[in-house]
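Please take these sequences and the hints and turn them into a complete structure.
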Amino acid sequence: MKPMTHMLKSRIAGCFGIACSLLLCASITLAESAPTFVLGPKVTADRKVRSVVGPSVRIDDQGQISLAWVEEEKETRTVLYSRIEKVEGPIGELVRVNGSSEVPYSRQEAPALALSGDDVLITWAVTHPKMTPDKPFSNDLRLSRSSDGGKTFQPSVLVNDDQQVIGHSFDSIHVAPDGVVHLAWIDGREGKKESGTFATRSIDLGRTVEKNLKVDESTCVCCRTSMTSSPDGTLYVAWRKILPGDLRETVVARSTDGGQTFTAPVIVGHDKWIFPGCPHRPASVGTDRQGRLYVVWYTEGSDETPSIYLAYSDDKGETFSPKQKLNLSKGTFPDHPQMAVDPEGRLVIVWEEQSPVRREVVMSVSLDRGQTFSAPQKLNEKKGQTPALSINAQGLASLAWMEHAMPSHRIVVQTLQLPVAKVVAKQEP
Numbered sequence: 017m018k019p020m021t022h023m024l025k026s027r028i029a030g031c032f033g034i035a036c037s038l039l040l041c042a043s044i045t046l047a048e049s050a051p052t053f054v055l056g057p058k059v060t061a062d063r064k065v066r067s068v069v070g071p072s073v074r075i076d077d078q079g080q081i082s083l084a085w086v087e088e089e090k091e092t093r094t095v096l097y098s099r100i101e102k103v104e105g106p107i108g109e110l111v112r113v114n115g116s117s118e119v120p121y122s123r124q125e126a127p128a129l130a131l132s133g134d135d136v137l138i139t140w141a142v143t144h145p146k147m148t149p150d151k152p153f154s155n156d157l158r159l160s161r162s163s164d165g166g167k168t169f170q171p172s173v174l175v176n177d178d179q180q181v182i183g184h185s186f187d188s189i190h191v192a193p194d195g196v197v198h199l200a201w202i203d204g205r206e207g208k209k210e211s212g213t214f215a216t217r218s219i220d221l222g223r224t225v226e227k228n229l230k231v232d233e234s235t236c237v238c239c240r241t242s243m244t245s246s247p248d249g250t251l252y253v254a255w256r257k258i259l260p261g262d263l264r265e266t267v268v269a270r271s272t273d274g275g276q277t278f279t280a281p282v283i284v285g286h287d288k289w290i291f292p293g294c295p296h297r298p299a300s301v302g303t304d305r306q307g308r309l310y311v312v313w314y315t316e317g318s319d320e321t322p323s324i325y326l327a328y329s330d331d332k333g334e335t336f337s338p339k340q341k342l343n344l345s346k347g348t349f350p351d352h353p354q355m356a357v358d359p360e361g362r363l364v365i366v367w368e369e370q371s372p373v374r375r376e377v378v379m380s381v382s383l384d385r386g387q388t389f390s391a392p393q394k395l396n397e398k399k400g401q402t403p404a405l406s407i408n409a410q411g412l413a414s415l416a417w418m419e420h421a422m423p424s425h426r427i428v429v430q431t432l433q434l435p436v437a438k439v440v441a442k443q444e445p
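For the sequence shown, the positions run 17 to 445 when the working numbering is used.
Read the hints as simulated data drawn from the structure, not as lab findings. Please note: incorrect hints may appear among the correct ones.
EDC-like cross-link-like pairs, simulated, lysine to aspartate or glutamate; straight-line CA separation at most 20 Å [to be verified]:
1. 209 x 178
2. 64 x 101
3. 227 x 273
Structure follows, in structure tokens:
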């Protein structure tokens, strides 16, 4: 991989012309009729431990669901994996991912999870063995691999190659169409005030990783990265960038050479959000078979209004459409959006809705490549948080979240079957 430096690119699509300059964002357009999707039964696992972080979820084309999360009990933290073989459950045997001598870092996001056939790939941070009181956030990024469908995991591989006692976390993992495994994370190795976004890849399904590549600098230190790729192999990574004046903007960079180099990042929403700290709220990205890139993110904008937005790009992330606001409720705080996109461009988006007395997990669906959406629908029963989701090529999505079911932490998984896809003609940007 080749190191690179660059300046931030920020362009507004000329193809939107005057309309884009007059309408930089719009509210969600509701579908004229309720989409005909089917929610499956809820599958749950109650964990009577001190804390649960996660879960992450992935569904394969056979409908098998993989889960990963971190548990803490007394002085022990464990990365766990489980598989659901059938839609109706149950959640299968719990498999320990980290080695007995590896202490998972106390973190605020679930392990990153990806699938490739029978291979299960999980990234997670381990507490740095040389961590000191003056460097409390020091960790190393590890990659664990199973070649037997998650029944056993091989010894983990170190991802970061700098050997420095600093932070290497807020990671994402993605398997491209050619089988190459890509990883991105936030890294403080340069010793600057702000961390940077770094990436690497594995061409042998996680047995080894290549030299680390700096993608960009001035990265918001705790807004997780997100990755996706289009059918032609174009790779995208999204993160939150810090601009002068404490502006926090969601940006996307792309690679057309398999992750060996990346373009300068492009601002997605031009939110002009000034925030002198880290929001802990990542973006989520996905693509469809026609190559449209979708981005969902949280921002408070220049008017300090908590909002969740969607925008898309039809020119490989060079420019983005006017953003659409997805949350409709006026009395709640929208949070932590996540998105899954199937090949036909059907979008499923989940997020949290918080108020002083409740915390809900809601879902909205688009069947027309992000043009219209269903009204947000509540999913949880108890106090819910940290929603995650995945969708396969057949339009079967797996939704997962955690509920507080005292005295337990309840992991909840539910499927969503979208209707038979109708091929949507490619739309002009």
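Tested hints:
Restraint check for residue 209 and residue 178: satisfied, since their Cα atoms lie roughly 18 Å apart, inside the 20 Å limit. Using a Cα cut-off of 20 Å, the hinted pair residue 64 and residue 101 is violated, with the two alpha carbons roughly 23 Å apart. Distance hint between residue 227 and residue 273 is fulfilled; the C-alpha atoms sit about 15 Å from each other, no more than 20 Å.
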